[in-house]
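Novice: Those protein sequence lines, which keep their order, are chains A and B. Following our numbering, the numbering of the first sequence begins with 27 at its first residue and continues without gaps. Following our numbering, the numbering of the second sequence begins with 64 at its first residue and continues without gaps.
To be clear, the hints were calculated from the coordinates, so they are not data collected in a lab. No residue lacks a Cβ here, since even glycine has one placed at the ideal position from N, Cα and C. It is possible that some hints are incorrect.
[Claimed, not checked] One side only, chain A facing chain B, incomplete, derived with CB under 10 Å: (1) G30; (2) L34; (3) M120.
[Claimed, not checked] Simulated coverage check for chain B against chain A, where a stretch passes if three residues somewhere in it have a Cβ under 8 Å from a Cβ of chain A: (4) 83 to 90; (5) 118 to 131.
Next come the chains, spelled out residue by residue.
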Amino acid sequence: MNGGLGDLWTLAWTFGLLSLFAIGGAASAIPEMHRIAVDLHHWMTDAQFADAFAISQLSPGPNILIVTLIGYQVAGVAGGVVATAAMCGPAAVMAYNVSRFLHRSSRSKWPAILQAALVPLSIGLMTASALVLAQAADRTWLAVVLTLASAILTLATRLNPLWLLLAGGCLGFAGVV
Amino acid sequence: MPPDSQPAAVPIDATTPAAPPELLELFRGFAKILLSGFGGVLVVARRAIVEKYRWMTADEFNETYALCHFLPGPNICNLSVVFGARIRGIPGSFAAFTGLVGPPVIIVSALAMIYARYGEIPALQRTLAGVSCAAVGLVMGVAGRMIWPLVKRREPVALGFLVAIFAAIGLLRWPLVPVLLTAIPLSIAVTWATRRNAVS
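Turn these sequences into a full structure, and let the hints guide you.
Specialist: This is the structure:
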């Protein structure tokens, strides 16, 4: 991990490819990010991955910021910028072109079919994300309880997520989990 | 360009969008959306674009968002690019996108430096561990919310695909690209066939 051009190139094509397969957004791509960063390249440990996820959730902004943190871990600030640009760029170019195309032929039934076909896949990816993250983050049974409590509160209430994160942080600081 | 001109300062009907914003305004608008939105950027984005700045009508926003939601990539980034392009062409997309992503990348890079330096301190480690436990719960909760409509409408095909993807990616940890290159065409074909049968 010396932040050379080779590392930047690896980040660029890894996240550039992932960009086009992140259906449903960044949360869907978490399992693949974990597979690449922890299992394949050993850029970070399970615990560091969970920490990166926590920091990205605590930061204001889109939840792709975990990509910035992975990039940073590999090649410093330049790595963070390259990884983030790669994660957004190809998908953005595609979105731009598709939107122009659909603007011209707005009566097509294909958007509805594509949406119906892709939504279950993206939810499946999201549940996989939850599992992968839980395995990385929940190392004690109290941690599992905290995760489940946060899941139930998210499902049952319209509480601002930031409160849940802060509560988790306080419990962590106090040494409960 | 005027540094602080507010579009739609005059009260007008919310269904008519205001005049297209300048590039700097696009950047600032998205930067503000971003910095005020923890976790739920989309809600803030909608409020700002439709209600506050009136750059788009509610229908235009919904249509653009629906498009960005089923396309791959980070939804809100796609939204900023598509939206910026509709209003000011390609420079517009760059302005909106850098406004959305630039400031948070700077913030999170600063946090990364702090983490690299002090990440070993036990109190910080414990705190972050607590935050990640809660954050994982958030992902579970959001996923649960999204599954519920499929269960309620009893869509066995959709649920089947959902479970298959969960098993392949979550349990078996297969690589994403080959899994999706198989699942996407299959899902499109099945959806298309069932819709055609439903019509005829």
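Novice: Hint by hint, say whether it matches the structure.
Specialist: Each hint, compared with the structure:
1. Residue-level restraint check for G30(A) is violated (minimum Cβ-Cβ distance to chain B is 18 Å; threshold 10 Å).
2. Given the 10 Å rule on beta carbons, the hint for L34(A) is violated: about 15 Å separates it from the nearest Cβ of chain B.
3. The beta carbon of M120(A) is positioned within 10 Å of a beta carbon in chain B (closest approach about 6 Å), and the interface hint is therefore held.
4. With a threshold of 8 Å between beta carbons, the proposed coverage of the stretch 83 to 90 of chain B by chain A is violated, since 0 of its residues qualify and at least three are required.
5. Under a criterion of three residues with beta carbons nearer than 8 Å to beta carbons of chain A, the stated coverage of the stretch 118 to 131 of chain B is upheld, 4 such residues being counted.
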